[in-house]
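**Student:** As a plain string of letters, each chain reads:
There are 2 protein chains.
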Amino acid sequence: MTDGFDFRILNRDGLARRGELTTPHGVVQTPAFMPVGTRGAVKSITQRDLEDLDAEIILGNTYHLYLKPGDGLIARCGGLHRFIGWNRPILTDSGGYQVYSLAAMRRIHEEGAEFRSHIDGSLHMLTPERAADIQAQLGSDIAMVLDECVASPAGPEPAREAMERSVRWARRARTRHLQLRHDPASAPDVAVTNPGQAQFGIVQGGISPGLRTESVQATVELAFEAYAIGGLSVGEPVDVMYEVVAHTAPLLPDGRPRYLMGTGMPDDLFECVAHGVDLFDCVLPTRNARNGQLLTRRGPLVIKNARYAEDVSPPDPECSCYTCRHFSRAYLRHLFIAGEMTAATLNSLHNLHFYLDTMRRIREAIVFGSFEKLRQEFRQTFSRRPQY
Amino acid sequence: MTDGFDFRILNRDGLARRGELTTPHGVVQTPAFMPVGTRGAVKSITQRDLEDLDAEIILGNTYHLYLKPGDGLIARCGGLHRFIGWNRPILTDSGGYQVYSLAAMRRIHEEGAEFRSHIDGSLHMLTPERAADIQAQLGSDIAMVLDECVASPAGPEPAREAMERSVRWARRARTRHLQLRHDPASAPDVAVTNPGQAQFGIVQGGISPGLRTESVQATVELAFEAYAIGGLSVGEPVDVMYEVVAHTAPLLPDGRPRYLMGTGMPDDLFECVAHGVDLFDCVLPTRNARNGQLLTRRGPLVIKNARYAEDVSPPDPECSCYTCRHFSRAYLRHLFIAGEMTAATLNSLHNLHFYLDTMRRIREAIVFGSFEKLRQEFRQTFSRRPQY
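Chains as they are written, first to last, in the numbering used here: chain A, 1 to 388; chain B, 1 to 388.
Only chain A is shown next, with the shape it has when bound in the complex:
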């Protein structure tokens, strides 16, 4: 553990855990949802909005920040926290997922992932060491190891190969991270902007329980501060995702936070907390907001629908967010159809409030031993199909 990093479990309810994650930039109440601040900004809202929403941690994308404005520039500006004016915890991913999903070209070598920038086609090589260096320069509170993502469904062989390579990469990433932590002078080209940075390993293995078990064992051996479940929400059916989480999460060290990467819909949060997951991130609340979809306890509301043209009721009558307290469906529909940027802002404020409020309710329920009841309630009222 780094000096600044700690995790305490305060309450349990079944496999669900109510915890407190300490980082160099403050404490995160878990289970927690991390809004995604792709390029140093959560799209269409400001840092002040995030504070008002009581977001305790956000995620930054290493791939994007590395390409623009560059980790060197951010380090010279004092690290990511100072650069973006956000003093609470930040987790950065390794860049591996965006190399897989965004890059113009990707070639996996044992050395690392070679790719071309989606912006200008320039050629780059992301190695486990380089991913650790970039994140050290960004100075996030939690860095992730570089892993190899494969599309779903992947056959057993590609899944095994990617899992095994991810383990080898994780070992190299850990070595480099510990070198930067304990002997920064040995890497004079890397400006470590947050000496208390923790590093999480990532479990891969596709949808195979056997591969997942192997991956857990090999990754936990490397003694990271904590562990993530990667390679899910990449196209597999949701029930399969739940099964993999149900299998994998309990194998991870009980006393360390568990992070399910890139998930998901609101009902996913309940199902995966039930299996012992502590951290989530997803672009869904902000991306869907920009596409005019508002999420509520009953399900999605598609704001452009003609039936809302003169509907003066709030988007979600049960919601206490700024948007729902002040604006009508008719107004939000007008803004969305007119293409006003404010539509994205107001919808994002609502969706993030909904996610963060859902996590608050989950944490409270765990404390009171009523998580299972809340989960059943949510299941009965929430549908993924537009409900309004």
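Calculated directly from the structure, the hints in this document are not laboratory data. Treat the hints with care, since some could be wrong.
Claimed, not checked - Facing chain B, from chain A, some residues (calculated, C-beta under 8 Å):
(1) 43
(2) 47
(3) 76
Using N, Cα and C, we set each Cβ at its ideal position, and we do this for glycine too.
Guided by the hints, dock chain B onto chain A, whose structure is given.
**Tutor:** Leaving out everything else, chain B in the frame of chain A:
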């Protein structure tokens, strides 16, 4: 005067006036700048931001709101204030300027302005009566009469014709407005959503002092609640604009607010307050913000410039706005170049703060009899050319 409308001059300093404008939705301290909420939203910021900025009045564009979502819909939703969730004063223009500047086709008849929508090419007829009806349905606190705008430079004949037609239109607009105010039952098709709405006349006459004098006399005869100077900031040199304002403003009734439409740059505010103008509106602070131009006491700062890439100082070290208190030039440059919507938001918050703060300083200076000193100071430090 309507019941809800009043104007009191509290202090004078030369021709500059420090006043208080009372409307059905509250009081506006003048001289005042009105942020432009084109389609029911000030672009890229929220109503909460406007309240935090202490904007006391905003402007809505009748042309845009009439086309989308329609004044009928807004009336059925309770009027513009309720529709957009803004409880402070609103001024609406007549739509004439956008018909002149935006419409796909425009033909001026004595009856009114025939035009095609810039959105779908549909054919519309905006008459003085219709413009009054639309604004009655919107329920703004201040409605403007329909006038005919001409490009600058216009020859003496087109300028005279447009001025004289504007006077005839103003008479019809006033008649219709008073009918709606005193006998709404006689116009059952029009839903008057703000019975306390005031109506301002508009002085035209291009850059000819003689025409301006004639226009003032004929318009003031119609006994509006107050008067605007229209047809400026349409391409004429800024000195000519100042001359027309210097000539026209003092001709207007002393006890009524004077509104200079569509102006302008920060130095324009000082020059025109000096001639007795009380109200301003302009898209410049928000539009330039979206284009990456931040306005300061020294002049514009073009945020995309390479020299700001690693500049950790605030955009304007003298400014106390949210943006300048929390973010660096380097971060704002990154957001702008990355195309993040948050760039528009943060830049707009700064520019609007700068305009509204400038008006606060102007009001204070008038109270203390030091307006001329402030104006000279501003002149010496402010340049329209990028200063950073």
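**Student:** Next step is simple, just say for each hint if it's right about the structure.
**Tutor:** We went through each hint and held it up to the structure:
At a threshold of 8 Å, the smallest CB-CB gap from residue 43 (chain A) to chain B is about 6 Å, leaving the interface hint in force. Taking 8 Å as the C-beta cut-off, the interface hint given for residue 47 (chain A) holds, the closest approach to chain B being about 7 Å. Evaluation of the residue 76 (chain A) hint against chain B yields a held restraint, the C-beta minimum of about 6 Å falling below 8 Å.
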